[in-house]
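The chain contents come next:
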Amino acid sequence: MTNRERREALEFYLGISPWLIGLVCFTGGPILASLAISFTQWRLLSPPKWLGIQNYIDMFQDEGTRVSLGNTLFYTGLSVPLGLVTSLFVALLLNQRARGSTLFRTLFYLPTITSGVAMALLWLWLLNPEFGLINLALGLIGIKGPAWLQDPDWAKPALVLMSLWTIGTSMVIFLAGLQGMPQHLYDAAKIDGANQLREFWHVTVPMLTPTIFFVMVTSIIASFQTFTNVYVMTEGGPGWSTLMYGLYLYNNAFEYLRMGFASAMAWGLFLVILALTILQLLGARRWVYYEGGIRGRI
Amino acid sequence: MKTLSRRHFLQLSGMGAAGVALAACAVPVPATDGMAAMEPVHLQANIAFTQADYGLQYQTIEKWRDLFEDTHEGITVELAFVDWSEHHNKMLVLAAANELPDFIEVQASRSLLWIIEGVFLDIDGYAAADPGFDMDDFFEGVMGYYRWDGKTFALPYDHGPINLGFNKTLFEERGIATPTDDWTFDDLRAAAVAFAQEEDTWGFSGMPRSWLLEPSYLTPWGASLFNEDETECTIDSEEAIAALQWWVDLRFVDEAIPNSAQSEVLATAGGDFVSGKVAMTTVAPWTAPTWNALADFEWDVAAWPAGPVTRSTAGLGSGYGITKDTEHPEAAWEWLAWMTSAEGLAFVWAASGASTPPRKSVFDVYFSAPGIAPNSQAFLDAMDNYMQIGRPVSPYGAEFTAIRNREMDLINNGLKPVAEAVADMKNDGDPILAKNRELYGS
Amino acid sequence: MSILQLSGGSILRLIRLFGIYLLLLFGAVLFTAPFLWMLSTSLKTPELVFTHPPQFIPNPVQFRNYMEGWQRLPFTRFTLNTVIITSHNAIMDTLVSAVVGFSFARLRAPGKDYLFVLVLATMMVPYEVTRVPLYILFSRLGWVNTLLPLMIPTWFGWPFFIFLLRQFFTTIPFDLDDAARMDGCHSFRIFVQILIPLSKPALAAVAIFSFVSNWNDFQGPLIYLSDLNQYTLALGLRMMQGGRFIFIHQVMAVSIVSVLPLLLIFFSAQRYFIRGVTLSGIKA
Numbered sequence: 006m007t008n009r010e011r012r013e014a015l016e017f018y019l020g021i022s023p024w025l026i027g028l029v030c031f032t033g034g035p036i037l038a039s040l041a042i043s044f045t046q047w048r049l050l051s052p053p054k055w056l057g058i059q060n061y062i063d064m065f066q067d068e069g070t071r072v073s074l075g076n077t078l079f080y081t082g083l084s085v086p087l088g089l090v091t092s093l094f095v096a097l098l099l100n101q102r103a104r105g106s107t108l109f110r111t112l113f114y115l116p117t118i119t120s121g122v123a124m125a126l127l128w129l130w131l132l133n134p135e136f137g138l139i140n141l142a143l144g145l146i147g148i149k150g151p152a153w154l155q156d157p158d159w160a161k162p163a164l165v166l167m168s169l170w171t172i173g174t175s176m177v178i179f180l181a182g183l184q185g186m187p188q189h190l191y192d193a194a195k196i197d198g199a200n201q202l203r204e205f206w207h208v209t210v211p212m213l214t215p216t217i218f219f220v221m222v223t224s225i226i227a228s229f230q231t232f233t234n235v236y237v238m239t240e241g242g243p244g245w246s247t248l249m250y251g252l253y254l255y256n257n258a259f260e261y262l263r264m265g266f267a268s269a270m271a272w273g274l275f276l277v278i279l280a281l282t283i284l285q286l287l288g289a290r291r292w293v294y295y296e297g298g299i300r301g302r303i
Numbered sequence: 004m005k006t007l008s009r010r011h012f013l014q015l016s017g018m019g020a021a022g023v024a025l026a027a028c029a030v031p032v033p034a035t036d037g038m039a040a041m042e043p044v045h046l047q048a049n050i051a052f053t054q055a056d057y058g059l060q061y062q063t064i065e066k067w068r069d070l071f072e073d074t075h076e077g078i079t080v081e082l083a084f085v086d087w088s089e090h091h092n093k094m095l096v097l098a099a100a101n102e103l104p105d106f107i108e109v110q111a112s113r114s115l116l117w118i119i120e121g122v123f124l125d126i127d128g129y130a131a132a133d134p135g136f137d138m139d140d141f142f143e144g145v146m147g148y149y150r151w152d153g154k155t156f157a158l159p160y161d162h163g164p165i166n167l168g169f170n171k172t173l174f175e176e177r178g179i180a181t182p183t184d185d186w187t188f189d190d191l192r193a194a195a196v197a198f199a200q201e202e203d204t205w206g207f208s209g210m211p212r213s214w215l216l217e218p219s220y221l222t223p224w225g226a227s228l229f230n231e232d233e234t235e236c237t238i239d240s241e242e243a244i245a246a247l248q249w250w251v252d253l254r255f256v257d258e259a260i261p262n263s264a265q266s267e268v269l270a271t272a273g274g275d276f277v278s279g280k281v282a283m284t285t286v287a288p289w290t291a292p293t294w295n296a297l298a299d300f301e302w303d304v305a306a307w308p309a310g311p312v313t314r315s316t317a318g319l320g321s322g323y324g325i326t327k328d329t330e331h332p333e334a335a336w337e338w339l340a341w342m343t344s345a346e347g348l349a350f351v352w353a354a355s356g357a358s359t360p361p362r363k364s365v366f367d368v369y370f371s372a373p374g375i376a377p378n379s380q381a382f383l384d385a386m387d388n389y390m391q392i393g394r395p396v397s398p399y400g401a402e403f404t405a406i407r408n409r410e411m412d413l414i415n416n417g418l419k420p421v422a423e424a425v426a427d428m429k430n431d432g433d434p435i436l437a438k439n440r441e442l443y444g445s
Numbered sequence: 035m036s037i038l039q040l041s042g043g044s045i046l047r048l049i050r051l052f053g054i055y056l057l058l059l060f061g062a063v064l065f066t067a068p069f070l071w072m073l074s075t076s077l078k079t080p081e082l083v084f085t086h087p088p089q090f091i092p093n094p095v096q097f098r099n100y101m102e103g104w105q106r107l108p109f110t111r112f113t114l115n116t117v118i119i120t121s122h123n124a125i126m127d128t129l130v131s132a133v134v135g136f137s138f139a140r141l142r143a144p145g146k147d148y149l150f151v152l153v154l155a156t157m158m159v160p161y162e163v164t165r166v167p168l169y170i171l172f173s174r175l176g177w178v179n180t181l182l183p184l185m186i187p188t189w190f191g192w193p194f195f196i197f198l199l200r201q202f203f204t205t206i207p208f209d210l211d212d213a214a215r216m217d218g219c220h221s222f223r224i225f226v227q228i229l230i231p232l233s234k235p236a237l238a239a240v241a242i243f244s245f246v247s248n249w250n251d252f253q254g255p256l257i258y259l260s261d262l263n264q265y266t267l268a269l270g271l272r273m274m275q276g277g278r279f280i281f282i283h284q285v286m287a288v289s290i291v292s293v294l295p296l297l298l299i300f301f302s303a304q305r306y307f308i309r310g311v312t313l314s315g316i317k318a
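Protein chains in written order, with my numbering: chain A, 6 to 303; chain B, 4 to 445; chain C, 35 to 318.
Only chain A is shown next, with the shape it has when bound in the complex:
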């Protein structure tokens, strides 16, 4: 290490020290504690009992865990790519100085900040099999709409549809990404005579890949932990068709008083998400373009 490298490393550790201190003092302890709890039977109201790996064995044989993991994979597989494309599309539309764009951005962000009660009632109106606007519209073009939230086969797609409502956060991230784009690249593209589509594919998309990567990784993490919508709207039904991993975990922890089992579920999920994220980080080297160049391997 040269002196300069040593100084940079020192500056790095100084820079991340707030996070490091937070990890050691606040976040790390409870996370490790949850790992310890996963080896116990803990009904919260009475002291825990040591179980060893029994919770993990039970988890593999548990029908609820299996069903909820399947549901969550299905939901994630659909909602993450759809949400990504939709929020990017809306961000592109709203990324301009045109009249009213500030207002429109605010309107599209609204569902992200408004109350859950209003949202839930509105979705009941939209998705209702007999009277809902969605099936009414489908009826106009001659399609008989499904029973959505009341049909075990369509309840999950209905939840995916609902998730598109709260793309506000991703939209803002994409807008920020689009705003940070260096103008000189567009100028250069213009000089080369690139048309708009070429400009989009050869300037905008590559420059936006770090942002797309961020939205992808964090949406997958969030989607695997999805909870609020199913907790409020379906409680996992009909049958167990919308029993998501996050909901089942919550129920185990605070309804069935199986905190040890819930912790084992959490750590099982942790390993799945971690593996997926590391795969994405490794894959990112092929498609994510960092204008600045990357200082590290990932």
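These are computed hints drawn from the structure, not numbers from a lab.
On a predicted model such as this, the values are computed, not experimentally measured, just so you know.
Check each hint, because a few of them may be wrong.
With a Cα cut of at most 25 Å, we get these calculated BS3-like pairs of lysine-lysine [claimed, not checked]: (1) B:K171 x B:K280; (2) A:K149 x B:K419; (3) B:K438 x A:K54; (4) B:K66 x B:K363; (5) B:K327 x A:K54; (6) B:K438 x B:K154; (7) B:K429 x B:K419; (8) B:K154 x B:K363; (9) B:K154 x B:K327.
Using the hints, position chains B and C against chain A.
Here is chains B and C on its own, set in the frame of chain A:
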């Protein structure tokens, strides 16, 4: 199996190595007074917060607390109001941290679970030593939620049975005789089917579900959800299948009960009943103020109908208890007795009409409260005669509910034949319920 | 890149503009509907809240729902508490996450990649299972019944924000750093003088996200507070909806009031979202 000592485990789980170091530097908590009799006593009381009436309920409770402090020298009570729907979760966290306040509220649906897990102090001794406290005034049917193993662990502050509510205006418009307290389910069915003859109107709303399932929908047919000690599911009996089929037919054959799609639309109209499109539904005392405020028609209450075998209805409410590790049990008892005495219940709850009182002697006050149901006598009759507690109450019952809800959901939406669903409920539920055996030592 | 930036026939351009606005308008109606429903409900008399079919324009309009709803609980006090927590957290979240994100994006050090994976990993453990241990930790520190558990954690950076800012800082060319280093600048000056001005949109996004999520959080206050005087708006709103009775017209009135500051902040933060800074002039 090895049981960790509680203190040891908390240290283990609460903090990583550095957390322990940090905690060590923290200001030590002042030592609590050992001489409770001489020193002033400070109690902490957690109460679930409900917007119980049109007034400000929490201020009424604060007033009653101030009166307590005025009359009980040396005892102060610190009130914490916790959001009603999250109360259970917060208490679990506090219990896990070994930091429950001296006095907490408990909802009847969880009371026995908490009692069996050992959260509460047995209060029979204090009650017996307190000549001013009348234990026999509580309805026997209500106390089922607060007694275990022959001992009393908590006391109710409100409790209500689930009766039959009906849209009087609609009945009169159609010239159909209104429900009476001696109705059977055959009468209910006849009226419901008559209402359903007209487009966009339904006779009844409410399918067998949740904690109502057994007392309101199975017992009247002579069926049950579990055996006595909840170690085995008994819902696959012929009687149970017949009872559930009766409701499924009323919904899907007679179309007298709105289906889920229709029900959802009505829900956005404030619930099936308030929309004015449904003639009858289940009603609890605490629903009355809301209906009085929202419904633009006349309504009333009758007894929950009798089934082919017996008359039975569900009841639910909430109570207060003293936590086992309190350092001031005597003071906490004074406060509990103050809150659940006839005067306390009348002052805080009954006078507001928010819910029916669990003491017989307080009903006079309730009957003169604003916003109650016209025929509130039906609630008193049910409390006195045929109200049953809702199950499950045992520790592993909660786990069973996931399976119960799954299958009932499928039955009520016509997605699975009754016989098949109850067989699955038993099949998947029995292994869970079997764990309850440890409790009964058999 | 903007779809509207277009050369060529102005008629074609108009048609296209029209199409875009139509699409936006359709989306906006869909996305605004819950808010409008809240607004409409907040102005209704209780009997008209649930009519079938529903009434969209309230008649009569009842403004006193706002006053009555507000007085149901000490909401003015709640707002003050919320403003204290939220503004502190938004500032700290943005500042600290920016410093940590900068370090991960722009500095080289042994072990960095592993630490970065660790940052991401802490987002992957569901909150439900760390809630109890975290409570025990804060309780042993004597922080329960104070605002500290709701504020102090933001001094240590939030993984989501660290990752977000790391991504943004990585897109800015390194030539700038290197040139500055040649001139003897240390990392902190590069961060303050070069990166911060270039990252205003991303920093504004982090500030907005932090503000919104803290403003709407009721779980934290629920678990850590028990004195009504310390409660927050979100918890108060939640308490109004909880339990057996819903005064939905008043709940909606208070909801509208509580959303307005968020709207105002989002609206005014937009000036950081207009492409103002370009790198073209500095160095290419």
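Comparing the hints with the structure gives:
no.: 1; hint: B:K171 x B:K280; verdict: holds (12 Å)
no.: 2; hint: A:K149 x B:K419; verdict: holds (23 Å)
no.: 3; hint: B:K438 x A:K54; verdict: holds (16 Å)
no.: 4; hint: B:K66 x B:K363; verdict: holds (24 Å)
no.: 5; hint: B:K327 x A:K54; verdict: holds (20 Å)
no.: 6; hint: B:K438 x B:K154; verdict: holds (23 Å)
no.: 7; hint: B:K429 x B:K419; verdict: holds (15 Å)
no.: 8; hint: B:K154 x B:K363; verdict: holds (21 Å)
no.: 9; hint: B:K154 x B:K327; verdict: holds (14 Å)
Of the numbered hints given earlier, the model fails none.
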